[in-house]
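J.: If you want the building blocks of each chain, they are given just below.
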Amino acid sequence: MMITVTGLRKSYGNTEALKGVSFSIQEGEFFGLLGPNGAGKTTTISIMSTVLDPDSGEVSIAGHDLKKDPLGCKRAIGVVPQEIALYNDLSAYDNLLFWGSLYDVPGAELKNRIDSTLQLFGLADRKKDKVNTYSGGMKRRINIASALLHRPRILFMDEPTVGIDPQSRNLIFEVIEKLHKEGMTIVYTTHYMEEAERFCDRIAIIDKGSIIAQGTLQELRQNSGIRECIVVSLSGIDAQLSQRLAASLGEQARISDCTLNYYSADVKKDLSGLILKCSEAGADIAHIDIRKVNLEAIFLQLTGKQLRD
Amino acid sequence: MFRIAIKDLKLFAADKRAMLLTFLLPIALISLFAMAFGGSGKRESRPMELVVADEDKTEHSRNMISRIDSLKEFEVVLTALDTAERLIKKGDANAALVLHKGFSDSMTKDALLPVELKYDAAREMETGILQGALAGAFMRITGNKSMIAQAIRNFDAQNPGMDSAVRGMIHQQIAGNFQGPSSQPVITATPLVAEKENSPGLVQAVAGTAIMMLLFSVAGMGASLLDEKQEGTLKKLLYSPMHPNNILYGKMLSVNILSIIQLIVLFLFAWLVFGLNIFQNIPALALMILATAFACSSFGVFLASFAKSRSQVQGVSTLIILTMSAVGGSMIPLFVMPLWMQKMAVISVNYWGIQGFYDIFWRMLPVTDPVFLTRIAVLIAIGIVLNLISVVLYKKNVLQIA
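Residue numbers (the numbering used here), protein chains in the order written: chain A, 1 to 309; chain B, 310 to 711.
So here's chain A without its partners, still in its complex pose (with noise of 0.2 Å):
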């Protein structure tokens, strides 16, 4: 394993922030932790880069105890804080420059990488320019950069894209995924579920200072019950007809204004089915939505909350 946390607690004053989180990262994984604000995120990475000590628990880090080896945890891991975390009256080359140097990159390999990381995000023509010209894109994607230049075999990123442009999303995105394929294990939390369905290995649900679900997000769908929804709008439809048609659909429909529900397990096998039956009680579809259970969806029924909350 590249990460094992174990019982982690961490109180401030009478709140506690984290209960007893336990989860486990094999290397190469890209692992993603979901919870709404205050869930016990950010505190979990910040004991993980060693900058908070638990109350209790243990933390091993590409085979480094956190409590007896932070030094060498601190080698194996990289940081992209959430905040523009830059000197914006340096320029991005002299930003790079001090962040690798702080890790004992040895000084001409250090400027090699600079180069190379500069190309890989689309920024070796500006790497003169003051952080301060550069745009929130740009900065952002200089903040991952600065987190990359000692080669850590551990990439921690809290909300890396927020605010930016699709550009500049996308080309860090780009990044990510050569990193991942790379065989970095990345450890990112996002407010984005499109972002973790599309990256992430496994996920983590993380509220109230407890993790309340972990897995792929094939698992996370199957243990959370929820079924698929065939969504049909329907036009012309009265009260009597509303009543005809929910009879003949059985307890899997719910139908609200001209909105008709319809909870499926083989999404495929129904909706011929439904089509049919509408068009015996009389009722004239309109459009038809196929609602996946995804992770919204699961994050929702499980916290009760959006992500965004």
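Just so you know, these hints were derived from the structure itself, not from any lab.
With a cut-off of at most 25 Å between alpha-carbon atoms, the simulated SDA-like pairs for lysine to any residue come out as follows:
#	chain 1	residue 1	chain 2	residue 2
1	A	Lys139	B	Gln539
2	B	Lys319	B	Phe332
3	B	Lys704	A	Ile84
4	A	Lys19	A	His64
5	A	Lys130	B	Leu330
6	A	Lys67	A	Thr4
7	A	Lys127	B	Phe311
Residues from chain A that keep clear of chain B, each with C-beta distances beyond 12 Å, as calculated:
#	residue
8	Met1
9	Ser116
10	Glu182
11	Glu194
12	Glu195
13	Glu197
14	Gly215
15	Gln222
16	Leu234
17	Ser256
18	Lys268
19	Gly273
20	Ala281
21	Asp284
22	Gln301
Okay, the calculated beta carbon distance ranges per label pair:
#	chain 1	residue 1	chain 2	residue 2	range
23	B	Asn554	A	Lys67	16 to 22 Å
24	A	Lys67	B	Leu334	47 to 53 Å
25	B	Ile693	A	Asp115	43 to 49 Å
Positions of the beta carbon are idealized from the N, C-alpha and C atoms, including for glycine.
Given the structure of chain A, go ahead and fit chain B onto it with the hints provided.
T.: Chain B only, in chain A's frame:
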């Protein structure tokens, strides 16, 4: 630590506003105070301007005025009496010497001279100085002759029947006795601190202002530690393998270096523009700059460790620096203050720094002088104590990340 310091120096160099506040503002203030306190470095006693009205208009009165004008203490401005009075009333002159009619007769008869000093009562202090200087001058110009005549008159009155040949010899002896001492001032003033190349006003202006402005600069530089916390770079630094204390030590080093540079630039400016001789005791000056920079920069880092935000640093530092500067002699020379305030001055960094620079430029103490070394030791002690407190406060206040 060195990487942090180099980064901070790069950031400082990139910040035009910080450069302006660190160098140009103090230079402007030093220029202002130097001009107010005494101009150029070469200390020259300038003659007092003396308005004189000659109402007698005789050979004797003109001769007297000419002799006063020839004295190095005075520069005579000859004018009519009504003009002289108008100058005093308008505040353009604080006093005027009037030689009334009969001056020549009185000189001839060795009688009381009809001389009057008209003055502005609101400027009594300056007039007192002028009066004292004038009395001395009159003594030197007229003293011997009238005093010899008076002594001979007294002798003749007491010895009316004396032989004329003997009387003549005694008259010569009396005159001879007055030759030496009477030509000298009654009190011989021997300055313990002789006239120097550097004016004390200039030393006060440069040292006082430089230290005060240095304190403001270091408070700003120290506060960058809190900016780092606010902007997230401090947290990012803590992710690195560097020891957390090295962040503070790096900050201390960069503030120290900038403080030394600032003091060097300001003294070079004072040398170039005002002629302050900074090369007369280079080892002492170097030591004093290092000690002052160390004490002041420690104060800046202490403020940053003590406060929770930049705005708090600005508020607290302004209050403390202005108080220390007022008490320590940066704003007003210490000798102008009441005795109890002069005693209080020792609590401020400014006092030890300013007095140290006075030791170098005015008192001309050698680098080994115990008084000078005591000031160095106090500044270093202040720096060490503040740094130790800063380390404790930094862990308690600044490193509270999560």
